[in-house]
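> Below are the chains, spelled out letter by letter.
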Amino acid sequence: MHLMYFTEQPMAAYSAEEGLKFGATALMFSNKHFDPVAGSRLYSEFLDQYLYAEEMGVDGIMLNEHHNAPFCMQAKANVFAAILAGMTKRVKIVLLGNPLPLAENPIRLAEELAMIDMVSKGRLVSGFVRGGGQEQLATGVNPAFNRERFEEAHDLIVKAWTQPGPFRWEGTHYQHRVVNPWAVPLQKPYPRVWIPGVLSTETIIWAAKKRYPYIALNTSIEATKRIWATYDQAAAEVGYTPGPECRGYLQRVHVSDTEEKAIRNAKQFMWMQGEFTGLAHPVWSSPSGYFSPSQRRGFVEFAVGRALSPRGRETFEQQMDNMQIIAGTPKTVIPKLKRIMQETRPGIMALWGNDGTVSDADARTCIRLLGQEVMPAMRAYAKELDLTSPFENDAPVSIDYATDLKPGRAKVAV
Amino acid sequence: MAADVAWDESAPGVAGCKLRLLRGGAGRPVLVLHHDLGTLDRLPFYDALARRFDVLLPHHPGFGGSERPAWLRSPRDIAAMYQALLTDLDLAQVSLLGLGLGGWIAAEMASLAPRDFHRLVLVGAMGVKPPAGDILDQALLSYIDYARAGFHGEAAFAAAYGAEPSTDQLVAWDIAREMCFRIAWKPYMYNQTLPHLLGGVRAPTLVVWGEHDRVVPRSAGEVYATALRHAKLEIVRGSGHCVEMEKPAELAALISSFLDGR
Chain A
5 MHLMYFTEQP MAAYSAEEGL KFGATALMFS NKHFDPVAGS RLYSEFLDQY LYAEEMGVDG
65 IMLNEHHNAP FCMQAKANVF AAILAGMTKR VKIVLLGNPL PLAENPIRLA EELAMIDMVS
125 KGRLVSGFVR GGGQEQLATG VNPAFNRERF EEAHDLIVKA WTQPGPFRWE GTHYQHRVVN
185 PWAVPLQKPY PRVWIPGVLS TETIIWAAKK RYPYIALNTS IEATKRIWAT YDQAAAEVGY
245 TPGPECRGYL QRVHVSDTEE KAIRNAKQFM WMQGEFTGLA HPVWSSPSGY FSPSQRRGFV
305 EFAVGRALSP RGRETFEQQM DNMQIIAGTP KTVIPKLKRI MQETRPGIMA LWGNDGTVSD
365 ADARTCIRLL GQEVMPAMRA YAKELDLTSP FENDAPVSID YATDLKPGRA KVAV
Chain B
688 MAADVAWDES APGVAGCKLR LLRGGAGRPV LVLHHDLGTL DRLPFYDALA RRFDVLLPHH
748 PGFGGSERPA WLRSPRDIAA MYQALLTDLD LAQVSLLGLG LGGWIAAEMA SLAPRDFHRL
808 VLVGAMGVKP PAGDILDQAL LSYIDYARAG FHGEAAFAAA YGAEPSTDQL VAWDIAREMC
868 FRIAWKPYMY NQTLPHLLGG VRAPTLVVWG EHDRVVPRSA GEVYATALRH AKLEIVRGSG
928 HCVEMEKPAE LAALISSFLD GR
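Chains as they are written, first to last, in the numbering used here: chain A, 5 to 418; chain B, 688 to 949.
Calculated from the structure, these hints are not laboratory results.
Residues of chain A placed beyond 12 Å of chain B at every Cβ, according to the derived structure:
#1 17
#2 60
#3 184
#4 262
#5 272
#6 317
#7 334
#8 364
#9 377
Among chain A residues calculated to face chain B with C-beta under 7 Å, some are:
#10 146
#11 148
#12 291
#13 292
#14 300
#15 308
Derived DMTMM-like pairs (lysine to aspartate or glutamate); straight-line CA-CA distance at most 20 Å:
#16 A:387 / A:347
#17 A:192 / A:159
#18 A:342 / A:377
#19 B:873 / A:152
#20 A:265 / A:377
#21 B:873 / A:108
Beta carbons are placed, not taken as given, at the ideal position from N, Cα and C, and that holds for glycine.
In isolation and in its complexed conformation, chain B is listed as follows (with noise of 0.2 Å):
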C-alpha cells in the first residue's frame, strides 16, 4: 500500500440511504464503481489512480458499509442514485470508471445523461447480453468458487483475499450476492434495453477485457465496443475479470492515458 495517497470516508446521504464513500487524491473527477462481490478498501490500482485523479469510490447501496434501500430494484436505481450524488457533490465532467456490475452502473448512468461525462471506462462490464456465452451466474457457485472465477492466476487472488479468505470476506460476499439478487436476478446480470440507449452517449469510451475473463463473455465488450459511437476495445493480457487486482499497474497505465486525453 502506498503511503503516500490519503483517503478520506464519509457517509453522504443518497435516496434516504446513508452510502459509505472513499475519496483520494486530487485531479480530474473520476468515480470508480465496483464489482458484484463489493470491494476492499484499499487496492494498489486504487492508489496508482488517485495519484493522478480525484478518485470517489462508494460502496453501492447494499454493499459493504452503504446501507441497504429495501425498494432498490435495479442498476439503473443506483445509477440514479449516483448522478444525485455527484450532483450534491457539485461534481461536473466527471469521468466514470466501472468494474463488471459497476461497468453496467456506468453505461446506465451514461445511457441517461449523455452528454454529462467526461470519459467512460468499462471493465468487463456486465449489463449486456452476451451474444456468445453466459455470465457465469454466482447463484450456482460457491463463494470462494465463484471469486476465484474472477482471476486467471491463483496467485492474483490471494494477493487480494488470501489463500484462504476470512469468514468476515464470506458475509460480505453473501451481503453483495443478495443485493445481486435483489437488483439483477432475473435477467440475470443483464438489462434488455441497454443496448438500445448507448447510441447517444457523447462521451469518448474505453472499453477493457481480461484477456482470460470467465466471468463476462468477451463477446459482450464488442457490444458495449459497436453500440458506443466513440469506443475502443482493449485486451489485457494474461489477466482475469477483476483486472483492476490482476494487472493495476497495466490497467492504470492504460485508464491514465484515456482519461488525459492522449
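This is chain A alone, in the form it adopts within the complex (with noise of 0.2 Å):
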C-alpha cells in the first residue's frame, strides 16, 4: 500500500465573519481578504510540514491546486512540487493534480512536469484533473469543452513525454507548429498518472479505459463501491481485472494525543461551511456544459434551491458517523481505516490529516502520528489484505503498455 500525506493548504488566516457577510467563500469572495504576511507563514509552515512528513515515513506527499478561494493556497501545484522535488528525499510527489483544461499550452506542462520529475530523481506521479467548475470562471476557460480539453491535453503530454519531436499537433482545442520541448521525464515510459474524482462517471470510465488509478476523494462507502463497480466494468470492456493498485482513496483523519483534542480539530474540516471547495453559487462550481448532461435535472434544481447538491452535503456528526471524518487517537482511528481498507480494498491511501485553523504545533502532532503509529499499522494490515500499489506490483504506467489483457482486447503498446 502507497499511504500519502495531504493538506489542502488553507488560507484561514481571514476574517470569516467576511464570508459570511458576504455569502460566499469562493470565486468573487474578494481577495482583499488574503493577507500576504499571514500567507507567507502559512507557505513556511506547510513546507516545514511536508518536510516532516517525510521525516515521520510517509510514503507520498499528495499537492493539489485552486484558484480564487480560501480554501486552498495552492495556485499552482508545480510550483510546490518544484519545491519538494528539490528538498525532500524519498518520498513521491503526487500532484492530483494539474487541471488540465486550464492550460492554453500543455506542452509548458509537460515540460515543467519532466523537470520536475528528473529534478526529484524519478519520484513524481502526474495525476490530472478537470478543474472544478469555479476554475473555469476563475481562468476564463470555456467549461462547455472542458472534457474535451481534458482528453486531448492528456493525449498531446504523453506523446510530447513518450515520442521524439520535433513534431506538429493540430487538435480541435490546440494546435502546435513544432512540439519538441527539452526536458523529457526521467521515469519510462512516462511518470505514473492518476485520476483523482468524486462524480463523474465520465472520468471513472475514461480513467479505467486508460487503466489509470483512481482516486476516490472522500466519497462514502457505499459511493466508492458503486465507482469501483463502474470502474471494473469499464476494465473489463478493455480486456483487464482491476485489482487494488487501480484503487486510491483520500480520508480525512485528524489524529491527536486526546479523543477530545482530536474531535475539537477534526470540526476544522468543516471550516468552509461543510464545502471542500468553499461555500459558492451553485452555478459558479457548476457551469453550463461542465457536469455530465445526465446531471443537468438535478444541477439547475440545485441552482435554484429546488433540491438538495446532487454532490451531497452532511453534517460533522453524519460524516463522522459514515467515517467519511475520521478523527481519535490512533488506538481509536486505526480500527476505522482498516474497516475502510476491507470495504473498499484500495492499494493507493491519502490522509488528509489537517484543515482550517488547526495550529501548526497539532499539525505536526498529527503528522507524526500518522507516520510513526497509523501507517505501520496500516501497511501491516494491507499486507494481510494484499492490498498493493501499483509500485509493489508493478502495474503498467497504462493500457498502452500492458502485457495482460484478454486475449482478443490486446492492444500495442506505442
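Fit chain to chain and form the complex, with the hints in mind.
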C-alpha cells in the first residue's frame, strides 16, 4: 500500500465573518481579505510540515491546485512540487493534480512536469484533473469544452513525453507548430498518472479504459463501491481485471494525543461551511456544459434551491458516523481505517490530516502520529489483505503498456 | 394567444443539422432571430407580426428544438446557416429582426451579404463591445436571476415564464446557456471585428433599445446606429431588454411601420 499525507493548504488567516457576510467564500469573495504576511508564514509552515512528514515515514506527499478561494493556497501545484523535488529525498511527489483544461499550452505543463521528475530523480506521480467549475470561471476557460480539452491535453502531453520531437499537433482545441521540449521525464515510459474524482461517471470510465488508478476523494463507503463497480466494468470491456493497484482513496483523518482534542480539530474539516471548495453559488461551481448532461436536471434544481446538491452535503456528525471524517487517537482511528481498507480495498491511500485553523503544533503532532503509528498499522493490515500499490506490483503505467490483456483485446504498446 | 394566426412547424436540415422552424402569417418575409435564452413557441408579439408578415422563427442550432452541431463555434457560423436556410426556402429580400443574441446573428448576416436584405431590425442587440458598461454575464448568475434581468417589471417576467419558472424551463435555459458558452464565451457575447464590417450594409436599419435594458448597455446600440449607414435608434419607454415580451404592442407597431417603409 502507498500511503500519502495531504492538506489543502488552507488560507485560514482571514476573518470568517467577512465570508459569512458576503455569503460565499469562493470565486467572487474579494482577495482584499488575503493577507500576504499570514500567507508567507503559512507557506513556510506547510513546507516544514511536508519535510516533517517525510521524516515521519510517509510514502508520498499529495499536492493539488485551486483558484480564487481561501480553502486552498496552492494556485499552482507544480510550484510546491518543484520545491519538494529539491528539498525531499525519498517521498513520491503526487500531484492530484494539474487541471489540464485550464492550460492554454499543455506542452508547458509537459515541460514543468518533466523538470520536476528529473529534479526529484524520478519521484513524480503526475495526476490530472478537469478543475472545479469555479476554476473555469476564474481562469476564463470555456466550461463547455472542459472534457474535450482534458482528453486532448492529456493525449498531447503523453505524446510529448513518449515520442521524439519535433512533431506537429493539429487538434480541436490545441494546435502547435513545433512540439519538441528539451525536457523529458526521467521515468519511462512516463511518470505514473493517477486520476482523482468524486462524481463524474465519465471520468471513472475514462481512467479505467486508460488503466490509470482512480483516486476517490473522500466518498462514502457505499459511493466508493459504486465507483469501483463502474471502473471494473469499463476495465473488463478493455480486457483486464483491476485490483487494488487501480484504486485510491482520500480520507479525512485527524489524529491527536487525546480524543477531545482530535475531535475539536477535526471540526476544522468543516471550516468552509462544510464545502470542500468553499461556499459558492451553484452556477459558479457547476457552470453550464461542465457537468454531465445526465446530471443537468439535478443541477438546475439545486441551482435555484429546489433540490439538495447532487454532490451531497452532510453535517459533521453525519460524516463522523459514516467515517467520511475520522478523528481520535491512533488507538481509535486505526480500526476505522482498517474497516475502510477492508470494505473498499485500495492500494493507494491519502490521509488528509489537517484543515482550517489547526495550529502548526497540532498539525505536526497529527503528522507524527500518522507516520509513526497509524501508517505502520495500515501497512501491516494491507499485507494481510494483499492491498498492493502500483509500485509494489509493478503495474503498467497505462493500458498501452499492459502485457496481460485478455486475448482478442490486447493492444499494441506504442 | 390569438387564434387567428396558424403556425406551421417543420424541421429543415442545414449544414447537417435539423432545425426547428415555426412559420406563420403571410406577406413580406421576416426572419425572427431569438434571444440567448431561447424562445417560447408562442408570444403575442409573434402573433402580432404574423398578422402582417410571413414570419419565420427558427430555433438557433443547439437551442430549444434544434439539434446541436458539435462543430459550431460562433454566431457567424449561425449566420451562414441561416443564409443557407433562406436559400433553400427560395426567399429573397427578407427582413431580419434580431433580439439580443439574435440581433448579433442578424448583424453578421447583413455584414456577410450587404445587399441581400430588405430591412434590418436590431432589438437590444449583442455582438459589439459596448463603449460604456459590459454585457451582463450569465455565467455568474442563476438561471432565474438572469432571465429576470431581461425585464424592467416583475409582472412582465411572470406573464412570460410564470412567477416560478418550471424545471423544464430551467433545463431549457441551461441548454441555451451551454450553447452561448460554446459560441460566445470569450470575448463574451461580442465580435471585435463586426463593427468594422457594418458600414457596407445597404438595408435601412432600425435599432431598438428598451429604456431600462440591464443586459446590453445602450452604448452598444449607439455603436450599431453609428456604424450602419441607414440606421436610427429608437428607445422604448418602460421596457427592459426583452422588449418583445414587455412592450409587445409598441414594438410590433414600430416594426410594422418600419418594414412597410413608412
